[in-house]
Amino acid sequence: MQLEQVAFRYRRRAPWVLRDVTLTVPRGRLIEVSGANGAGKSTLLRLLAGVVPPVRGQVSDRPPRIGYAPEIFPAAQPFTAGAYLGHMARIRGVDESTVGEWAARLGFSGLLGTRLPDLSKGSAHKAGLIQALIAEPELLVLDEPFAGLDSETRAALPSILSALTAEGTSVVVSDHQGDLRKLPDVVRWRVSGHTVTVGDIPDEHTIVEVTVRSDEADALVERLTADGYHARRR
Amino acid sequence: MTARLDRRRSPLAAPPLPLRRSTVAVMRYQLSGYVRSVRALHPVLALALLLAIMFSSPVGGTPAEVRQGTVNAIADAAVLVFPICAWAARGLLDTEPDVQRYVSAVTAGRRRALIAGLLSAYVFSVVLALIAPIYLLAMAAGSGLGVQAMLVCAALSPLSALGATAVGALTSRAVIPSTGTSILVLLGVCALNLIFGMTGLRFLAVPMIDWMRSAGHGPADLTHAFPELAARTLAWTAIAIALYVRLRRTRP
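Chains L and U, in that order, are what the protein sequence lines are. My numbering puts the first sequence at residues 1 to 234. My numbering puts the second sequence at residues 235 to 486.
Think of the hints as simulated: they come from the structure by calculation, not from any bench. Every residue, glycine too, gets a C-beta built ideally from N, C-alpha and C. Don't take each hint at face value.
Stated by the list, open to error - SDA-like mimics (lysine to any residue), calculated; alpha carbons at most 20 angstroms apart, straight line:
id: 1; chain 1: L; residue 1: Lys182; chain 2: L; residue 2: Glu144
id: 2; chain 1: L; residue 1: Lys121; chain 2: L; residue 2: Ala83
id: 3; chain 1: L; residue 1: Lys121; chain 2: L; residue 2: Ala104
id: 4; chain 1: L; residue 1: Lys182; chain 2: L; residue 2: Ser159
id: 5; chain 1: L; residue 1: Lys182; chain 2: L; residue 2: Ser162
id: 6; chain 1: L; residue 1: Lys121; chain 2: U; residue 2: Pro331
id: 7; chain 1: L; residue 1: Lys121; chain 2: U; residue 2: Val333
id: 8; chain 1: L; residue 1: Lys121; chain 2: U; residue 2: Asp332
id: 9; chain 1: L; residue 1: Lys121; chain 2: L; residue 2: Asp175
What the hints assert, rightly or not - Label-pair restraints from in silico Cβ distances:
id: 10; chain 1: U; residue 1: Ala476; chain 2: L; residue 2: Glu4; range: 24 to 34 angstroms
id: 11; chain 1: U; residue 1: His276; chain 2: L; residue 2: Tyr10; range: 24 to 34 angstroms
id: 12; chain 1: L; residue 1: Gln2; chain 2: U; residue 2: Ile417; range: 41 to 51 angstroms
id: 13; chain 1: L; residue 1: Asp150; chain 2: U; residue 2: Ile429; range: 56 to 66 angstroms
Generate the whole structure from the sequences, applying the supplied hints.
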């Protein structure tokens, strides 16, 4: 799956949230998305999941089966957790027994009969994770999946995600809590300055934006690169 | 986990869910959520109030007078039920919390979720719209109204619900996030439909005033005018739905 020169803003005259984002989502890898509050992490995840289309640029080769768990699960719905997840399974066309399997793995089995509005924040978050996981996704997009989880599930989730990547699923996770730092081979994306940088930026480094005349841009990039900086034209 | 993967990627894996079955599953979820919520009661109560007012003055007289009276009342009911159906459609589409709408868009696909939403809203609206004329249709049949005129009378409410569903969709939270503004727009469109229908701008409106006029001239006149009235309603609805689909492109 690829993003090519993607730009997004929520309204016509609103400021751009993301601009000139060109990325490849590697197959079967775990990708950690980091960035400051309001940098555009959730928007990037929505673009990847297909919740919103890009305003400019294009997204290609998006896999057909995607799981998406939002940062805050919408618990204000008139269903029990089991009924809600049953509906999601039927929409997906997956066997409803999958709900029970994932509920057992995340310690949620005892809450399937509880009404969604009565769930605690962490339990509601688990319902959000289960509806994403039952999809048997080829791309799994999780927005702050560790927030509010109990310690057992929090400890179990990284290994679940690792197992999914081993099976070929691409997993994109925004994570403020740092729960994925111990895992090997995690691809890191950093959202800042309305764009996304691949790879870690060391703590002693930062990004500087320079506005320059179009006909001078290439020369400036060459000069900065010759001086040992990592520079690119947007 | 491995077994799950094998099932998913094996050539013998189950084929993808047929489009129609999946759309029906989304509709079941949306209708179930709406019916379980208090929101569904609002248009039902409004309809009950409308019916109480309508039937407070019963139609009577000779069979010919009953025929004319019931046809008039059916056409009036199809007009009066329009804002109620628009309200119901808006309420159904707004029952899903915003973030759940994002989840549904990923789960079912954006296009399928959008189509299922419109179909669910129409199904609920048309059920509401058909409750209003049932008794009147029975009376009209008893008074000897012809089959063709009966079918035309029965089709008015579903036509009204069609236009109303488009108005409800255009004023749903995904398109107009502010509740106050969306109610104002919904009532405004309903009022403009009636005002335009009485002026030279009636080509811009769902032809509700025209079907009331035709009904007033008698069942034969209504039957004769029906194809044009239906075509104008369908065209109006198609334009409104196209606008809704266009707006939803950037409003998840």
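Proposed proximity, L:Asp175 with L:Lys121 (alpha carbon, max 20 angstroms): Since the Cα atoms of L:Lys121 and L:Asp175 sit roughly 17 angstroms apart, the hinted pair holds (cutoff 20 angstroms).
Given pair status - L:Ala104, L:Lys121, alpha carbons within 20 angstroms: Given pair L:Lys121, L:Ala104 holds - Cα atoms ~18 angstroms apart, limit 20 angstroms.
Sort out whether U:Asp332 lies within 20 angstroms of L:Lys121, counting only the CA atoms. holds, 18 angstroms
Is the hinted pair L:Lys121 and L:Ala83 satisfied, with a Cα-Cα distance of at most 20 angstroms? holds, 18 angstroms
U:Ala476 paired with L:Glu4, Cβ distance criterion 24 to 34 angstroms: holds, 29 angstroms
Assess, step by step, whether the Cα of L:Lys182 is no farther than 20 angstroms from the Cα of L:Ser159, and give holds or violated. holds, 11 angstroms
Given the hint of 41 to 51 angstroms, check if L:Gln2 and U:Ile417 actually sit that far apart at their C-beta atoms. holds, 43 angstroms
Is L:Lys182 close enough to L:Glu144, meaning Cα to Cα at most 20 angstroms? Roughly 17 angstroms separates the two Cα atoms, so the pair holds.
Given the range 24 to 34 angstroms, decide if the beta-carbon distance of U:His276 to L:Tyr10 lies inside it. For U:His276 and L:Tyr10 the Cβ distance comes to about 30 angstroms; the hint holds.
Tell me if the straight-line CA distance from L:Lys182 to L:Ser162 falls inside 20 angstroms. holds, 12 angstroms
Under the criterion that the straight-line Cα-Cα distance not exceed 20 angstroms, is the pair L:Lys121, U:Val333 satisfied? Within the cut-off at roughly 15 angstroms; holds.
Range hint compliance [Cβ, L:Asp150 to U:Ile429, 56 to 66 angstroms]: holds, 59 angstroms
In the structure shown, no violation is registered for any of the earlier numbered hints.
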